[in-house]
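Undergrad: Spelled out, the chains give:
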Amino acid sequence: MEKARPLWANPLQFVFACISYAVGLGNVWRFPYLCQMYGGGVASVVVSFFLSMYYNVINAWAFWYLFHSFQDPLPWSVCPLNANRTGFDAECEQASSTKYFWYRKTLNISPSIQDSGSLQWEPALCLLLAWLVVYLCILRGTESTGKVVYFTALLPYCVLIIYLIRGLTLHGATNGLLYMFTPKLEQLANPKAWINAATQIFFSLGLGFGSLIAFASYNEPSNNCQKHAIIVSLINSSTSIFASVVTFSIYGFKATFNYESCLNKVILLLTNSFDLEDGFLTASNLEQVKGYLASTYPGQYSKVFPLIKNCSLEAELDTAVQGTGLAFIVYTEAIKNMEVSQLWSVLYFFMLLMLGIGSMLGNTAAILTPLTDSKAISRHLPKEAISGLVCLINCAVGLVFTLEAGNYWFDIFNDYAATLSLLLIVLVETVAVCYVYGLRRFESDLQAMTGRTLSWYWKIMWAGVSPLLIISLLLFYLSDYILTGTLQYQAWDASQGQLVTKDYPAYALAVIGLLVASSTMCIPLVALGTFVLRRLRRGDPAPVA
Amino acid sequence: MSRVAKMSSCCYNETKRQQHHARRSKVKEASPLNWELGPDVYLQKCESDAENAFKVRLSIRTALGDKAYAWDTNEEYLFKAMMAFSMRKVPNRETTEISHVLLCNVTRRVSFWFVVTDPTKNYTLPADEIQSAIRMNRNRINNAFSLNDQTLEFLKIPSTFAPPTDPSVPIWIIVFGVVFCIVIVAITLLVLSGIRQRRRKNKGPSEVDDTEDKSENTITIENGIPCDPLDTKGWHINDTFMTEDERLTPL
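Sequence order for the protein chains is A and B. The first sequence: position 10 = -5 (the numbering used here), numbered continuously. Just add 288 to the spot in the second sequence (first one is 1) and you have the numbering used here.
Keep in mind the hints are simulated off the structure, nothing from the lab. This structure is a prediction, so every number in the text was calculated from the model and none was measured. Each residue gets a CB set at the ideal place from its N, CA and C atoms; glycine is no exception. Be aware that one or more of the hints could be misleading.
[Said to hold, decoys possible] Quick list of the computed label-pair ranges, beta carbon to beta carbon: (1) L377/A / F449/B: 37 to 47 Å; (2) I293/A / Y357/B: 42 to 52 Å; (3) T408/B / S280/A: 44 to 54 Å; (4) I470/B / S440/A: 43 to 53 Å; (5) R484/B / V450/A: 31 to 41 Å.
Using the sequences and the accompanying hints, generate a full structural model.
TA: Take a look at the structure:
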């Protein structure tokens, strides 16, 4: 009974789908159907489900910023006025205008995770739109997804190239690049840096999500998967490096700009306090003059001294932000200082959208493929309805992240929904393919399908190195969780205009535990289930057709 | 270090010289108006932190860079003229003259204090009046010196911010609406075409074996008969993968 399985129109579509998915999140190369035998599939689907619930919120934010980029001046470049128009809004003065726009205007964040607040209709609308766009792309299966991924894979590269040219010509970009390429030796000696790097590659390629399994299952069996595996991994890594060059040149520009405005503020303060000639104090003679003033007018200097900030370029470069903060705060801060900032802003958020939607296509494919493949469900509902239902459920759950405390829940999902469980899933998959199914059988399958023998490199990697690496990563994470004690999160304090650390309440900890447990427990549970079922079947004398 | 010391001592001397010069010019100005009282009264009126006195600070080089002009007595005259002009716009003060405006303590920064005196009553005009007059004419005063609110500062007078121009419909909603409508239209078109294809397929002879796969977008139709898109390489090993009997190691 042959199934009429849809296929990619040409291999290039598959490669682009993988690239589009991997550039953002990624996956490791697997062979279709095998891992689903041992419950790894269900676990993958569960993790993909969690992922698609919260990941599309990022797309919603990208839409929000994209729509707001069509204004002059950009709304995150100026602070709004306060109620009686004598100055700027207090919260905006304390923080910067970009942080204010992110925390107050976009998220309208509450002071802690306990204050849930109300549903924000603006992000909710953007989330709805994001899910509609995803639905549009997956509506027709690989036929439409195949065409969309050309776009979602290639456009980010075009925008990155444009940004590379613009970024390298910015004032202060070289500071950022120097910072990127000078290794900090004491950091390299810290094992945590290496573990973070390994984790990044691991998740960048997106192991265990099942998405590349899903994509690959639409391939012809004679597809040269080895070549594609190497291509996708190489492209993923070189894209990361390429994107880092762009990011660090923008970083350097922002740090230099902030450093220079900090210096200018100090210069203005000193010029006004001591009535020095305008333009006399410059960055080069600042230290000299400060020393001179301290010695000549000690009384007055001591009054001014607490107000003088210590400006340091290193400190600006060290303020490393990651995740959603990097995308939405640091980049917008850099963009608002460029000329024709609306154009750069539109380009940037469009690229972010493409990346996000490409990854979302992978995620939803991971959920939908098992659903449409399973005979029970696809008998009753057409493919469009299944996709629509999945999108609807995800959208409804995703509305949680548009509450005032939604960003805190987002961080919970981001940090815990995927990490531990994925490591476990991939470990199980590797072990299953190599040891349970047998590496020799796998090798002969590959040879039969692709006509090429498996080189010894792959065998060593799959059978030995990878499981060891993953086990060590797992152990590290577990020990890290145990050692740090209670989990904490960063909450936004409106009065101070900065983030403060708080402890998670009990129910949040329970949700975290549930997240991790539900995906990791799938594997042993389904394995146990199949084992029990088979035992019952063997013991049952009645013939089973 | 020594160069800096020399420069600041020069500034100090310059400041002293300017103050002396200013004092002397005030003496000359004061005499025709109220010569019987003498110059000292007027000097007391204009001092740092005197009652009804305002401190003004200019940052000409910051604003204009290379095109910066030097601050000399002619510029001071223009300033006095602008102050008198502002006061003349206040009701009951239309007779303010340039000589009623007194400047003192001019520093190299450039910063100075000024007061506006009332010629008849021999006192300085109240700060509120001067403040409101300046606020009303702030733009004209700024433009006379090619400066703006940040580079020509009146230290006790806050600048008024322009009210934000909010369009009636926020721009982002317009863009959102456009994109939303396009997406909805595209989805409707795709869904409808899918339904139409399915109906056409159901009308034709259904020789497809698998009833569960309803996605017909890859079924090619030749001569009205749908073909199974076989995995065309024609190899049979695929079947062994599908069988469920084969398990490797019993647990």
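Undergrad: Determine which of the earlier numbered hints do not hold for this structure and return their numbers in increasing order.
TA: Per hint list: 2, 5 violated.
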